[in-house]
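**Q** The whole structure should be built from the sequences, with the hints applied where relevant.
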Amino acid sequence: MFDGEYNPPLAPQRFAAGYIILSYFVSFLGSLSTLELLQRRTSQRGLYNWYLLLGSSVTMGGVAIWSMHFVGNRSIVIYPNAIGTDQLQLAYSSTFTALSFFVPILVLFLAYLLIGTNEDVGYLRLGFGGTFAGLSICGMHYLGQSGIENYRSHYAVNYVVASIFIAVSSTIGALAIFFILRKNFTNNWYKRALCAMLLSSGVSGMHWCASVGTRYQLREDSGLNRDTRNATVIITIVLSVFVCVLLLAFAVVTSRARKMEGIRAQKIVLASATFDHDGKLMVLPDGTLPIKEVTDCFQEKSFEEALGKSHPVFHWIYQTTRNWKSLSGLIEGMREHLRNYNLNSHTADFVADYSFVFREMFCIAAQDLADGTHRNLDDLGVLYDEIITTGVSVSNMIPGKNSEYTDVEAGHGKGKILFLIKKVAKADAANLTSTGYRFTDINNVLDIISRSTQVPKETLTHHLNLMRTYNSSERMLQPGVHVGCFAVRANVNSGFEILVHVDRLDSLPTAQLSMPALKNRHIKFLKENDGVGVGRLLRNLDAPGGSPSLQALNDPPFVMLLKTALERLISDIEDPFFTDSTLVPQPIAVPCQITPENGSGVAIIIVFKTLMPVHARAINESPKLDFVPFRFFSLQQRCFPYSADHDVQTRNTHREFSGKAAAVQKPTRTLSKRGIRDTLIPWPSSGHRFLSPGSSRPSTSSEKKLVTDGDLSPSASLNPFTSGGIMVSQSVSVERAEAKNPMELQPMGPSLAITVKDNDQEMPTWVDILFKGVMNTSGQN
Numbered sequence: 001m002f003d004g005e006y007n008p009p010l011a012p013q014r015f016a017a018g019y020i021i022l023s024y025f026v027s028f029l030g031s032l033s034t035l036e037l038l039q040r041r042t043s044q045r046g047l048y049n050w051y052l053l054l055g056s057s058v059t060m061g062g063v064a065i066w067s068m069h070f071v072g073n074r075s076i077v078i079y080p081n082a083i084g085t086d087q088l089q090l091a092y093s094s095t096f097t098a099l100s101f102f103v104p105i106l107v108l109f110l111a112y113l114l115i116g117t118n119e120d121v122g123y124l125r126l127g128f129g130g131t132f133a134g135l136s137i138c139g140m141h142y143l144g145q146s147g148i149e150n151y152r153s154h155y156a157v158n159y160v161v162a163s164i165f166i167a168v169s170s171t172i173g174a175l176a177i178f179f180i181l182r183k184n185f186t187n188n189w190y191k192r193a194l195c196a197m198l199l200s201s202g203v204s205g206m207h208w209c210a211s212v213g214t215r216y217q218l219r220e221d222s223g224l225n226r227d228t229r230n231a232t233v234i235i236t237i238v239l240s241v242f243v244c245v246l247l248l249a250f251a252v253v254t255s256r257a258r259k260m261e262g263i264r265a266q267k268i269v270l271a272s273a274t275f276d277h278d279g280k281l282m283v284l285p286d287g288t289l290p291i292k293e294v295t296d297c298f299q300e301k302s303f304e305e306a307l308g309k310s311h312p313v314f315h316w317i318y319q320t321t322r323n324w325k326s327l328s329g330l331i332e333g334m335r336e337h338l339r340n341y342n343l344n345s346h347t348a349d350f351v352a353d354y355s356f357v358f359r360e361m362f363c364i365a366a367q368d369l370a371d372g373t374h375r376n377l378d379d380l381g382v383l384y385d386e387i388i389t390t391g392v393s394v395s396n397m398i399p400g401k402n403s404e405y406t407d408v409e410a411g412h413g414k415g416k417i418l419f420l421i422k423k424v425a426k427a428d429a430a431n432l433t434s435t436g437y438r439f440t441d442i443n444n445v446l447d448i449i450s451r452s453t454q455v456p457k458e459t460l461t462h463h464l465n466l467m468r469t470y471n472s473s474e475r476m477l478q479p480g481v482h483v484g485c486f487a488v489r490a491n492v493n494s495g496f497e498i499l500v501h502v503d504r505l506d507s508l509p510t511a512q513l514s515m516p517a518l519k520n521r522h523i524k525f526l527k528e529n530d531g532v533g534v535g536r537l538l539r540n541l542d543a544p545g546g547s548p549s550l551q552a553l554n555d556p557p558f559v560m561l562l563k564t565a566l567e568r569l570i571s572d573i574e575d576p577f578f579t580d581s582t583l584v585p586q587p588i589a590v591p592c593q594i595t596p597e598n599g600s601g602v603a604i605i606i607v608f609k610t611l612m613p614v615h616a617r618a619i620n621e622s623p624k625l626d627f628v629p630f631r632f633f634s635l636q637q638r639c640f641p642y643s644a645d646h647d648v649q650t651r652n653t654h655r656e657f658s659g660k661a662a663a664v665q666k667p668t669r670t671l672s673k674r675g676i677r678d679t680l681i682p683w684p685s686s687g688h689r690f691l692s693p694g695s696s697r698p699s700t701s702s703e704k705k706l707v708t709d710g711d712l713s714p715s716a717s718l719n720p721f722t723s724g725g726i727m728v729s730q731s732v733s734v735e736r737a738e739a740k741n742p743m744e745l746q747p748m749g750p751s752l753a754i755t756v757k758d759n760d761q762e763m764p765t766w767v768d769i770l771f772k773g774v775m776n777t778s779g780q781n
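Under the UniProt record's numbering, the sequence shown has 372 at position 372, and the numbering climbs by one with no breaks.
It is worth saying that the hints were derived from the structure and are not from the lab. All C-beta atoms in this analysis are idealised placements derived from N, C-alpha and C, irrespective of residue type, glycine included. Misleading hints may appear alongside valid ones.
Stated by the list, open to error - Listed below are the simulated DSBU-like cross-link pairs for lysine-lysine, each with C-alpha atoms no more than 35 Å apart in a straight line:
(1) 457 / 519
(2) 426 / 267
(3) 280 / 267
(4) 267 / 422
(5) 191 / 423
(6) 524 / 183
(7) 624 / 422
(8) 563 / 426
(9) 267 / 191
(10) 183 / 457
(11) 527 / 624
(12) 624 / 423
(13) 527 / 563
(14) 414 / 191
(15) 422 / 191
(16) 267 / 624
(17) 524 / 609
(18) 524 / 772
(19) 280 / 414
(20) 280 / 624
(21) 280 / 423
(22) 267 / 414
(23) 280 / 183
(24) 609 / 624
(25) 191 / 280
(26) 414 / 183
(27) 457 / 423
(28) 457 / 191
(29) 563 / 772
(30) 267 / 457
Said to hold, decoys possible - Just the calculated beta-carbon pair ranges, DEER-fashion:
(31) 538 / 656: 45 to 53 Å
(32) 623 / 451: 28 to 36 Å
(33) 191 / 256: 16 to 24 Å
(34) 430 / 152: 47 to 55 Å
**A** Okay, here's the thing in structure tokens:
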């Protein structure tokens with residue numbers, strides 16, 4: 001291997017076992033720290049991600065490679081059998097030593113940058129990046145060897161080749177396993193530790209393979225050199241201690257996060273369910289959802305007042321999240337009011353204004369969640385129409401019919417989780433990943449979210465899949481004409497319920513007619529059949545010649561379309577009660593998908609109404625239909641975009657909350673209180689974000705521009721209900737007034753005063769009017 005004569009001869013050497021073990025441990029610490037930092041990277045953008053990239057390069061290049069090298073070289077003993085040879089041991093040039101520290105860091109920085117942070121593992125990029133990372137190990141080793149001042153190094157070529165192969169192959173293998181596990185959120189701490197062992201084995205294996213193939217020849221002009229070995233060991237100890245502190249910090253943060261997960265599962269919390277254009281869910285790097293605590297519990301006066309879809313507080317929250325501008329300028333006043341409320345805490349189990357306080361706590365939690373995810377409040381999303389019970393003790397609790405009552409009666413849950421759902425565009429998703437979030441398939445994080453929220457996986461799967469398409473336009477009705485069933489029944493607890501489609505809780509069960517509009521003759525036909533049941537109408541449609549109204553209609557295509565739609569609706573409902581439903585003579589206009597052909601965003605429904613029996617078993621078992629509280633369904637009709645009720649709700653909210661909120665000065669832009677898990681980016685671009693009063697969309701009425709003189713269609717220009725139809729309107733006058741006190745909280749801006757007229761109230765919706773008609777008909781019977 002080392003043939004030939006050497007003058008002076010090659011120095012004898014041996015290796016100290018203790019330093020060999022220590023060098024591997026140092027490399028393992030550096031490798032583990034590197035993987036801990038790399039798993040937290042979420043994007044190529046953002047200071048937070050650049051900080052993690054630089055940190056991982058330093059821990060790998062400076063600790064796992066550089067420190068390991070010099071601790072390992074400390075084990076090399078030259079002239080082991082001689083006495084007094086301390087000054088004949090390896091001595092290093094400070095210039096080359098410093099250079100060998102920074103070169104691998106730079107190469108690794110570029111290698112990790114090349115590998116990227118995409119959720120889909122790019123094997124080509126991983127191969128190139130892993131190769132560069134492996135070569136950085138070899139480069140650092142031989143660059144460090146070049147810094148030996150008193151010896152000339154001789155290398156065996158076969159050992160050099162073998163050391164390069166070990167470094168490159170082990171690095172590629174370790175990084176490939178790590179990023180595959182990271183993609184699937186299965187990289188538990190022990191799996192990361194195993195990857196770190198493989199990575200450090202590659203570093204150590206390369207070093208010792210090269211060291212065995214290296215011999216040293218004393219330089220004739222070297223003389224007696226100072227012993228620099230202790231200095232390098234001290235540096236490596238300092239770096240190793242730093243890495244140990246870093247790993248300890250990771251462990252403390254993880255332990256605290258796990259503890260907080262258990263605590264939050266017993267409380268009422270607000271979570272963000274944000275999806276990108278591909279339907280991937282936004283999560284923290286550890287796979288959990290962004291969550292903020294609202295309160296410990298919801299205090300009810302009685303069992304019937306449990307927080308659910310029938311509760312007025314839930315209704316207010318639901319409507320507010322669809323009209324975030326109603327909170328403009330109120331958040332700081334709410335904070336001040338809550339601070340005063342907490343200072344004068346109440347001792348009773350229930351306080352009269354608790355619902356008011358709970359709504360304030362929700363709004364503040366929503367603002368904190370927006371700040372934590374670096375978004376404006378109005379970009380946070382809308383409230384999901386189900387409340388999920390957390391801390392449940394059964395694994396087979398799957399939401400089904402009347403989930404609101406099922407959750408309460410089950411009694412297994414100790415907390416509740418409210419979801420705000422948002423679907424973001426590609427550019428917005430990129431901005432969120434740059435601030436420390438990841439978008440991944442729901443199945444990858446299902447186990448993690450289930451554990452952190454203490455919600456069964458079956459329940460989470462059901463709800464998250466619904467949330468993914470919750471705000472999509474595909475869930476809304478298609479433009480055109482539909483036949484719908486308005487079925488109401490009494491609830492066994494209290495109030496009434498209404499029949500809806502299971503995937504569209506804000507829509508009646510419907511079947512579409514393949515026609516764009518209703519003609520005047522169709523409207524006349526419907527009026528002439530006012531109160532006719534579905535069964536009787538179908539018999540008339542099938543009868544030869546038909547009824548007098550059919551003969552007057554003289555429109556066979558419409559008759560066929562109406563008959564087909566009714567039969568399809570009967571098939572979906574699968575209960576004989578529908579055949580007794582009676583026709584409402586006035587069609588209703590409801591929001592639908594906006595298309596180039598239908599810019600108004602409304603569809604027309606021919607309604608059949610009925611009061612259902614409570615014991616309708618077929619409906620209870622139907623996979624297509626469900627029941628929701630009637631008041632909640634009525635509220636949903638006020639919450640569509642551009643609804644005129646948004647302005648009424650805004651005025652009512654400001655009138656209610658500005659009256660109790662403490663007078664505060666206009667808030668300045670200050671950094672919010674931030675915890676490690678509250679906000680990931682260490683350098684925020686802004687603090688609290690406030691909605692501008694002028695940022696709202698102009699509201700319009702959905703009943704406008706619907707028909708022409710001859711048609712009733714979503715794209716027509718006149719009101720379809722001019723002949724006895726259903727129409728709702730309200731009027732408000734706004735006057736200018738000077739602000740008298742600059743310290744007074746001005747809910748609608750510094751110079752606006754609202755004059756409320758008698759009809760400045762939320763007017764009945766078409767749902768309320770139809771319900772009244774059903775009750776009147778039932779009373780007459």
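**Q** It remains to establish, for every hint, whether it holds in the given structure.
**A** Taking the hints in turn, this is what the structure says about them:
{"no.": "1", "hint": "457 / 519", "in the structure": "violated, 50 Å"}
{"no.": "2", "hint": "426 / 267", "in the structure": "holds, 33 Å"}
{"no.": "3", "hint": "280 / 267", "in the structure": "holds, 27 Å"}
{"no.": "4", "hint": "267 / 422", "in the structure": "holds, 23 Å"}
{"no.": "5", "hint": "191 / 423", "in the structure": "holds, 33 Å"}
{"no.": "6", "hint": "524 / 183", "in the structure": "violated, 61 Å"}
{"no.": "7", "hint": "624 / 422", "in the structure": "holds, 25 Å"}
{"no.": "8", "hint": "563 / 426", "in the structure": "violated, 44 Å"}
{"no.": "9", "hint": "267 / 191", "in the structure": "holds, 32 Å"}
{"no.": "10", "hint": "183 / 457", "in the structure": "holds, 20 Å"}
{"no.": "11", "hint": "527 / 624", "in the structure": "holds, 30 Å"}
{"no.": "12", "hint": "624 / 423", "in the structure": "holds, 25 Å"}
{"no.": "13", "hint": "527 / 563", "in the structure": "holds, 17 Å"}
{"no.": "14", "hint": "414 / 191", "in the structure": "holds, 33 Å"}
{"no.": "15", "hint": "422 / 191", "in the structure": "holds, 33 Å"}
{"no.": "16", "hint": "267 / 624", "in the structure": "holds, 33 Å"}
{"no.": "17", "hint": "524 / 609", "in the structure": "holds, 19 Å"}
{"no.": "18", "hint": "524 / 772", "in the structure": "holds, 23 Å"}
{"no.": "19", "hint": "280 / 414", "in the structure": "holds, 29 Å"}
{"no.": "20", "hint": "280 / 624", "in the structure": "holds, 26 Å"}
{"no.": "21", "hint": "280 / 423", "in the structure": "holds, 10 Å"}
{"no.": "22", "hint": "267 / 414", "in the structure": "holds, 7 Å"}
{"no.": "23", "hint": "280 / 183", "in the structure": "holds, 13 Å"}
{"no.": "24", "hint": "609 / 624", "in the structure": "holds, 19 Å"}
{"no.": "25", "hint": "191 / 280", "in the structure": "holds, 25 Å"}
{"no.": "26", "hint": "414 / 183", "in the structure": "holds, 32 Å"}
{"no.": "27", "hint": "457 / 423", "in the structure": "holds, 22 Å"}
{"no.": "28", "hint": "457 / 191", "in the structure": "holds, 23 Å"}
{"no.": "29", "hint": "563 / 772", "in the structure": "holds, 27 Å"}
{"no.": "30", "hint": "267 / 457", "in the structure": "holds, 19 Å"}
{"no.": "31", "hint": "538 / 656: 45 to 53 Å", "in the structure": "holds, 50 Å"}
{"no.": "32", "hint": "623 / 451: 28 to 36 Å", "in the structure": "holds, 29 Å"}
{"no.": "33", "hint": "191 / 256: 16 to 24 Å", "in the structure": "holds, 21 Å"}
{"no.": "34", "hint": "430 / 152: 47 to 55 Å", "in the structure": "holds, 53 Å"}
Hint check: violations occur at hints 1, 6 and 8; the rest are consistent with the structure.
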